[in-house]
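S.K.: Protein chains in written order, with my numbering: chain E, 1 to 200; chain Y, 1 to 200.
Bear in mind the hints are in silico, worked out from the structure with no lab data behind them. One or more hints might be untrue.
Same chains, same names: a pair is fine if it fits in one copy or spans any two.
Straight-line Cα separation of at most 25 Å, SDA-like style, residue types lysine to any residue; simulated pairs [stated by the list, open to error]:
id, residue 1, residue 2
1, K46, V86
2, K167, E180
3, K167, P61
4, K46, Y62
5, K46, L195
6, K46, I131
7, K193, A25
8, K193, I80
Protein chains: 2
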Amino acid sequence: MPQAIDFYFDFSSPYGYLGSERIDALAAKHDCDVVWRPYLMGAVFKQLGTSPLVSQPVKGPYSRHDLMRSARLYGIPFNIPDPFPVNSVAACRAFYWLVDRDAALARQLAQALYRGYFIDNRNLGEAETVIETAAALGIDREALGAALQDGEVKARLRTEVEAALEKGVFGAPFFIHGDEQFWGCDRMDHLDKWLETGGW
Amino acid sequence: MPQAIDFYFDFSSPYGYLGSERIDALAAKHDCDVVWRPYLMGAVFKQLGTSPLVSQPVKGPYSRHDLMRSARLYGIPFNIPDPFPVNSVAACRAFYWLVDRDAALARQLAQALYRGYFIDNRNLGEAETVIETAAALGIDREALGAALQDGEVKARLRTEVEAALEKGVFGAPFFIHGDEQFWGCDRMDHLDKWLETGGW
Numbered sequence: 001m002p003q004a005i006d007f008y009f010d011f012s013s014p015y016g017y018l019g020s021e022r023i024d025a026l027a028a029k030h031d032c033d034v035v036w037r038p039y040l041m042g043a044v045f046k047q048l049g050t051s052p053l054v055s056q057p058v059k060g061p062y063s064r065h066d067l068m069r070s071a072r073l074y075g076i077p078f079n080i081p082d083p084f085p086v087n088s089v090a091a092c093r094a095f096y097w098l099v100d101r102d103a104a105l106a107r108q109l110a111q112a113l114y115r116g117y118f119i120d121n122r123n124l125g126e127a128e129t130v131i132e133t134a135a136a137l138g139i140d141r142e143a144l145g146a147a148l149q150d151g152e153v154k155a156r157l158r159t160e161v162e163a164a165l166e167k168g169v170f171g172a173p174f175f176i177h178g179d180e181q182f183w184g185c186d187r188m189d190h191l192d193k194w195l196e197t198g199g200w
Numbered sequence: 001m002p003q004a005i006d007f008y009f010d011f012s013s014p015y016g017y018l019g020s021e022r023i024d025a026l027a028a029k030h031d032c033d034v035v036w037r038p039y040l041m042g043a044v045f046k047q048l049g050t051s052p053l054v055s056q057p058v059k060g061p062y063s064r065h066d067l068m069r070s071a072r073l074y075g076i077p078f079n080i081p082d083p084f085p086v087n088s089v090a091a092c093r094a095f096y097w098l099v100d101r102d103a104a105l106a107r108q109l110a111q112a113l114y115r116g117y118f119i120d121n122r123n124l125g126e127a128e129t130v131i132e133t134a135a136a137l138g139i140d141r142e143a144l145g146a147a148l149q150d151g152e153v154k155a156r157l158r159t160e161v162e163a164a165l166e167k168g169v170f171g172a173p174f175f176i177h178g179d180e181q182f183w184g185c186d187r188m189d190h191l192d193k194w195l196e197t198g199g200w
């Protein structure tokens, strides 16, 4: 089995969401696993002195149009939520708390959080939304509520974010396969071809 | 015949160069004309407070790797020149001086300038390089030399750059077809599909 694809994303990133709806099928074609790795783009913006694309003048309106157009092209249900963007710390903490206990369920939760935000406009920035979404998957509401404030869980997320930045991750979606990095939905076709050919 | 594609680029943009090597074939598939419109990304950087991708920390090294990998994938000869990036004012002025006299020759010149810079490492930032490249196409060396300092030619370029910014152009390559904008080599597949289907 080929090396897994590391899939980095921010729960608040709409391009990350579009990537999340396509990466598993892409990887499956090549019998390849995907490791979902949510992180906080805020750390990148701070490091690089940048800001979310959708909040930038000129590029912001373009990217909103491009997101809608891309979603229609790929047949992915999508709306630009309100509020947007939001802080996804609670979503990330929930994911990392869960992933050591039940990796498959953590991935289900990630997908449910993304869809809740970008399809059903559920405010991902609020801990209550994260807890409700988890509870609908049978995850213990009180245990998760406590985990979101737990020092070890907080530290775990910080470690994951730092590790992502150390690897040079700076966008969402951002894919790493072996030594190769692929930034953006725009590079999923290159990643696909890379897996098919073994590189060029 | 369908509406022409406006193709905006900066002569110093490597992604613009990669786009320039692919746009004519893409347009020809749809029996569509391409209007080449060089402009100055410096005006965008000034407007938006940004900087060239390749000069940015973290994103810079990634994009250099991505450029080489993309060029190999598309089979386009490509090197990252030195010096890079450069100011492409002389190249732009030469183009706009020529385009009213001989549009086909202006396009030939644009391609020759791009290839000289990104294949043969000829310093596009120097007026002498622009003049030499033009002379090799039979363009009058002295007339061009004078045009590069001509007030009307300078004003023409300023008008073109302002018009591009007013249309919301902010990258290279950047394509406009009707009311639709497509930013980057990454969106040439969407542009292709748009021309094929009439939009979605």
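S.K.: Each of the hints needs a verdict: does it hold here or not?
M.R.: Here is what the structure says about each hint:
Taking identical chains as interchangeable, the C-alpha atoms of K46 and V86 lie at most 25 Å apart only when both belong to the same chain, with a minimum of 16 Å there against 28 Å between chains. Within a single copy, K167 and E180 get their C-alpha atoms as close as 11 Å, which meets the 25 Å cut-off; across copies the closest is 36 Å, which misses it. Taking the shortest alpha-carbon separations for K167 and P61, only the inter-copy value of 12 Å comes in at or below 25 Å, while the best intra-copy value is 30 Å. Taking the shortest Cα distances, K46 and Y62 sit within 25 Å of each other both inside one copy (23 Å) and across copies (18 Å).
For a Cα distance limit of 25 Å, the shortest separation of K46 from L195 qualifies neither inside one copy, at 33 Å, nor across copies, at 40 Å. In this homomeric assembly, K46 and I131 never come within 25 Å of each other (Cα to Cα): the closest approach is 28 Å inside a single copy and 44 Å across copies. Taking the shortest alpha-carbon separations for K193 and A25, both the intra-copy value of 14 Å and the inter-copy value of 22 Å come in at or below 25 Å. Taking the closest pair of Cα atoms, K193 and I80 come within 25 Å of each other only across two copies (24 Å); inside a single copy the shortest separation is 30 Å, beyond that limit.
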